[in-house]
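> Let's have the full structure, built from the sequences with the hints guiding it.
2 protein chains.
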Amino acid sequence: MKRVSIKDIAQAVGVSTALVSYVLNNKEKEARVGQKIAEVIRLKAKELGYQPNQIAKSLKTGRSQTIGLIVADISNPFFANIARTIEDEAKKYNYTVIFGSSDEAADKSQNLINILLERQVDGFIIAPTEGSEEQIRSLQEQHIPFVLIDRYFPEISTNFVVTNNYQASYHAVKHLARSGRRKIAMIAYKSGLVHMKEREKGYLDALADSGMESGQGLVKEISYNFIQQEVGEVMGQLMKDHPDIDAFFFGSNALSMGGLRFLNRNNYRIPDDVSVVCFDESEAFDLFYAPLTFVNQPLLEMGKEAIRILAGQISDRAAALEQVFVDSALIVRTDK
Amino acid sequence: MKRVSIKDIAQAVGVSTALVSYVLNNKEKEARVGQKIAEVIRLKAKELGYQPNQIAKSLKTGRSQTIGLIVADISNPFFANIARTIEDEAKKYNYTVIFGSSDEAADKSQNLINILLERQVDGFIIAPTEGSEEQIRSLQEQHIPFVLIDRYFPEISTNFVVTNNYQASYHAVKHLARSGRRKIAMIAYKSGLVHMKEREKGYLDALADSGMESGQGLVKEISYNFIQQEVGEVMGQLMKDHPDIDAFFFGSNALSMGGLRFLNRNNYRIPDDVSVVCFDESEAFDLFYAPLTFVNQPLLEMGKEAIRILAGQISDRAAALEQVFVDSALIVRTDK
DNA sequence: CTGAAAGCGCTTACAG
DNA sequence: CTGAAAGCGCTTACAG
Numbered sequence: 001m002k003r004v005s006i007k008d009i010a011q012a013v014g015v016s017t018a019l020v021s022y023v024l025n026n027k028e029k030e031a032r033v034g035q036k037i038a039e040v041i042r043l044k045a046k047e048l049g050y051q052p053n054q055i056a057k058s059l060k061t062g063r064s065q066t067i068g069l070i071v072a073d074i075s076n077p078f079f080a081n082i083a084r085t086i087e088d089e090a091k092k093y094n095y096t097v098i099f100g101s102s103d104e105a106a107d108k109s110q111n112l113i114n115i116l117l118e119r120q121v122d123g124f125i126i127a128p129t130e131g132s133e134e135q136i137r138s139l140q141e142q143h144i145p146f147v148l149i150d151r152y153f154p155e156i157s158t159n160f161v162v163t164n165n166y167q168a169s170y171h172a173v174k175h176l177a178r179s180g181r182r183k184i185a186m187i188a189y190k191s192g193l194v195h196m197k198e199r200e201k202g203y204l205d206a207l208a209d210s211g212m213e214s215g216q217g218l219v220k221e222i223s224y225n226f227i228q229q230e231v232g233e234v235m236g237q238l239m240k241d242h243p244d245i246d247a248f249f250f251g252s253n254a255l256s257m258g259g260l261r262f263l264n265r266n267n268y269r270i271p272d273d274v275s276v277v278c279f280d281e282s283e284a285f286d287l288f289y290a291p292l293t294f295v296n297q298p299l300l301e302m303g304k305e306a307i308r309i310l311a312g313q314i315s316d317r318a319a320a321l322e323q324v325f326v327d328s329a330l331i332v333r334t335d336k
Numbered sequence: 001m002k003r004v005s006i007k008d009i010a011q012a013v014g015v016s017t018a019l020v021s022y023v024l025n026n027k028e029k030e031a032r033v034g035q036k037i038a039e040v041i042r043l044k045a046k047e048l049g050y051q052p053n054q055i056a057k058s059l060k061t062g063r064s065q066t067i068g069l070i071v072a073d074i075s076n077p078f079f080a081n082i083a084r085t086i087e088d089e090a091k092k093y094n095y096t097v098i099f100g101s102s103d104e105a106a107d108k109s110q111n112l113i114n115i116l117l118e119r120q121v122d123g124f125i126i127a128p129t130e131g132s133e134e135q136i137r138s139l140q141e142q143h144i145p146f147v148l149i150d151r152y153f154p155e156i157s158t159n160f161v162v163t164n165n166y167q168a169s170y171h172a173v174k175h176l177a178r179s180g181r182r183k184i185a186m187i188a189y190k191s192g193l194v195h196m197k198e199r200e201k202g203y204l205d206a207l208a209d210s211g212m213e214s215g216q217g218l219v220k221e222i223s224y225n226f227i228q229q230e231v232g233e234v235m236g237q238l239m240k241d242h243p244d245i246d247a248f249f250f251g252s253n254a255l256s257m258g259g260l261r262f263l264n265r266n267n268y269r270i271p272d273d274v275s276v277v278c279f280d281e282s283e284a285f286d287l288f289y290a291p292l293t294f295v296n297q298p299l300l301e302m303g304k305e306a307i308r309i310l311a312g313q314i315s316d317r318a319a320a321l322e323q324v325f326v327d328s329a330l331i332v333r334t335d336k
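Protein sequences, first through last, are from chains A and B.
Okay, so the first sequence: first residue is 1 according to the working numbering, each after it adds one.
Okay, so the second sequence: first residue is 1 according to the working numbering, each after it adds one.
The hints are simulated quantities; they were obtained by calculation from the structure and are not laboratory data.
Predicted model, so just to flag it, every value in this text is computed and none were measured.
Among the hints, erroneous ones may be present.
Any copy will do: because identical chains look the same in the list, a pair fits if it lies in one copy or spans two.
Unchecked claim - Taking lysine to aspartate or glutamate and the EDC-like style, the derived pairs with C-alpha atoms no more than 16 angstroms apart in a straight line are:
1) Lys60 to Asp122
2) Lys108 to Asp73
3) Lys91 to Glu118
4) Lys174 to Asp103
5) Lys304 to Asp246
6) Lys108 to Glu134
7) Lys46 to Glu118
See the structure below:
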């Protein structure tokens with residue numbers, strides 16, 4: 001059962017495909033198509049249940065109206081939420097989104113980029129993995145529009161939308177210090193990526209500015225692929241070496257989950273034994289026995305900005321780079 | 001900067017585009033292309049950094065190697081996890097996935113289907129919304145491959161992969177009864193969709209089989225769009241009307257979250273005041289003060305099956321329908 | 001106001 | 001073993 005094409009309509013009405021194309025794309029004025037014939041064409045199109053073939057359109061116009069979204073893992077709530085805002089925003093610009101999960105692995109990222117490029121996406125939104133600098137540079141050389149999200153490479157001039165990680169982290173730790181905590185540990189990812197480094201830096205500076213001894217030995221880095229296993233070991237060791245730790249700052253939502261689980265299992269009470277601040281929200285917090293303070297990234301705003309910038313780059317390759325730092329809020333929760 | 005095409009390679013090597021096409025698609029044997037020339041072509045392709053244009057390929061072959069995934073909401077952990085398994089499985093079959101969220105609204109679903117159809121997806125995986133029967137029938141009439149997931153329409157013969165909702169629900173409630181609960185309420189969605197209806201039926205039958213009075217008055221239905229508001233009101237009213245309720249069965253992950261939040265806020269202790277069983281897992285359970293028993297759907301298996309069936313339908317439109325019921329496990333958690 | 005025609009980048013019989 | 005050619009479904013100058 002062949003789908004109906006522009007040609008079918010043209011034949012049915014008795015005009016050329018050119019007219020049909022103009023009318024169906026609302027270019028009647030530019031093409032000065034007759035009023036009545038336009039009406040007839042439109043009617044026939046509806047009657048036959050015509051659906052434009054976007055693939056054919058793309059081939060001709062060089063625009064697929066599709067964008068590629070590469071995140072670390074679509075099943076991670078942080079990225080799932082980002083994906084949703086991007087989906088909604090993209091729709092407003094008439095874009096459809098193809099997504100892929102890189103699992104923080106450069107080779108998977110490269111593979112995804114290739115596949116999406118073959119699919120002729122008009123642009124990318126990418127949460128770049130460690131070691132993907134060359135991939136990003138290559139995109140740049142090919143003049144393919146993209147905007148990085150969540151992280152970026154300081155040494156490469158690109159569009160990006162990220163939260164102000166340093167500041168968010170600094171405030172979070174300052175908050176702990178102000179509420180009287182004197183030995184604050186941080187659990188982070190083992191990653192050279194700027195977002196994590198900035199979070200660590202914010203933590204360290206906040207310690208220093210609060211007159212605490214350098215936290216160097218109190219920042220622990222976990223492998224992305226073994227969070228659940230490593231978090232327990234690492235925190236266990238930390239508490240053994242430093243029984244006087246009185247607060248934890250968790251560098252991401254997955255780290256928070258793992259860390260809180262450890263604290264629960266080992267019967268550390270929050271906030272009596274240790275205080276906790278988490279980077280990113282989790283719906284799990286709502287059910288936790290203690291109110292949890294966390295850094296709240298404005299996902300909706302990030303998604304909006306990313307699409308806005310990308311759409312701008314697509315329609316004008318010469319558009320100026322945009323580097324957006326959005327501010328995260330520290331949501332302080334306490335009812336004691 | 002034009003991307004390099006098959007024509008560029010042909011010219012550079014001095015052969016026809018036909019040869020290049022055959023070689024690059026590994027059809028040298030069928031086309032009996034010369035060994036050496038094949039090698040030269042391959043080399044030149046690599047040298048020029050050739051990337052096939054999948055759009056052009058699609059137009060010619062009528063296959064986009066793309067599948068459309070329609071879920072209720074990609075930011076819902078249940079669907080985000082499904083999406084991930086589908087992404088991974090699809091890749092194995094060389095498919096790429098475009099997704100969209102319907103928000104359980106039939107008009108959005110229709111809109112998504114249209115957009116994806118225009119994009120020439122080879123098939124769909126759909127968690128159908130209430131009232132989308134006609135959309136599904138229409139897909140069927142157009143002989144477009146698809147498989148429903150999570151829910152289906154009993155009155156329409158289609159492929160689907162769903163969990164055995166009735167059974168899962170029945171066991172869950174039986175479990176509560178066996179552990180001595182005598183007045184079990186259920187919080188469900190207001191929905192005519194079979195998955196929710198079956199869950200309610202399983203609940204009712206389990207009550208009856210356990211010698212409890214009909215639970216009719218103890219099933220409450222919440223509007224999808226107002227969970228957080230309604231759940232509190234509804235449960236508050238329930239507890240007022242039936243102070244002797246000693247257990248709740250929550251019909252979905254979002255309902256569980258809302259319900260548990262209500263219990264927390266109102267200081268009902270689990271399991272001392274009320275017992276709870278949830279449909280679907282949530283990472284929030286790990287951090288909850290009490291061990292939570294839940295129905296665990298095998299998402300990975302569901303994703304695998306869905307793609308397997310869809311791929312089968314795509315390559316053979318005449319393939320027999322497949323209706324898969326996977327079994328969910330009741331994960332009993334208790335350390336008291 | 002309208003039509004004939006080229007062409008987007010491929011694949012694939014067909015002919016030799 | 002290889003090339004010329006048609007055609008997938010569109011858009012868009014160009015000519016009239």
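> Each hint needs a verdict: does it hold in this structure or not?
Consistency of the hints with the structure:
1. When the C-alpha separation of Lys60 and Asp122 is checked against a cutoff of 16 angstroms, the pair qualifies only within one copy, where the shortest distance is 14 angstroms, while the shortest distance between copies is 21 angstroms.
2. For the homomeric pair Lys108 and Asp73, the shortest alpha-carbon distance inside one copy (11 angstroms) is at most 16 angstroms, but the shortest distance between copies (26 angstroms) is not.
3. Taking CA atoms no more than 16 angstroms apart as the test, Lys91 paired with Glu118 passes between copies only; the shortest distance there is 14 angstroms, against 22 angstroms inside one copy.
4. Taking the shortest alpha-carbon separations for Lys174 and Asp103, neither the intra-copy value of 32 angstroms nor the inter-copy value of 40 angstroms comes in at or below 16 angstroms.
5. Taking identical chains as interchangeable, the C-alpha atoms of Lys304 and Asp246 are never at most 16 angstroms apart, the minima being 38 angstroms within one chain and 46 angstroms between chains.
6. Only within a single protomer do Lys108 and Glu134 lie at most 16 angstroms apart by alpha-carbon distance; the minimum there is 14 angstroms, versus 39 angstroms between protomers.
7. For the identical chains of this complex, Lys46 and Glu118 are inter-copy neighbours only, at 15 angstroms across copies versus 33 angstroms inside a copy, given an alpha-carbon limit of 16 angstroms.
Consistency with the previously given hints fails for numbers 4 and 5, ordered from lowest to highest.
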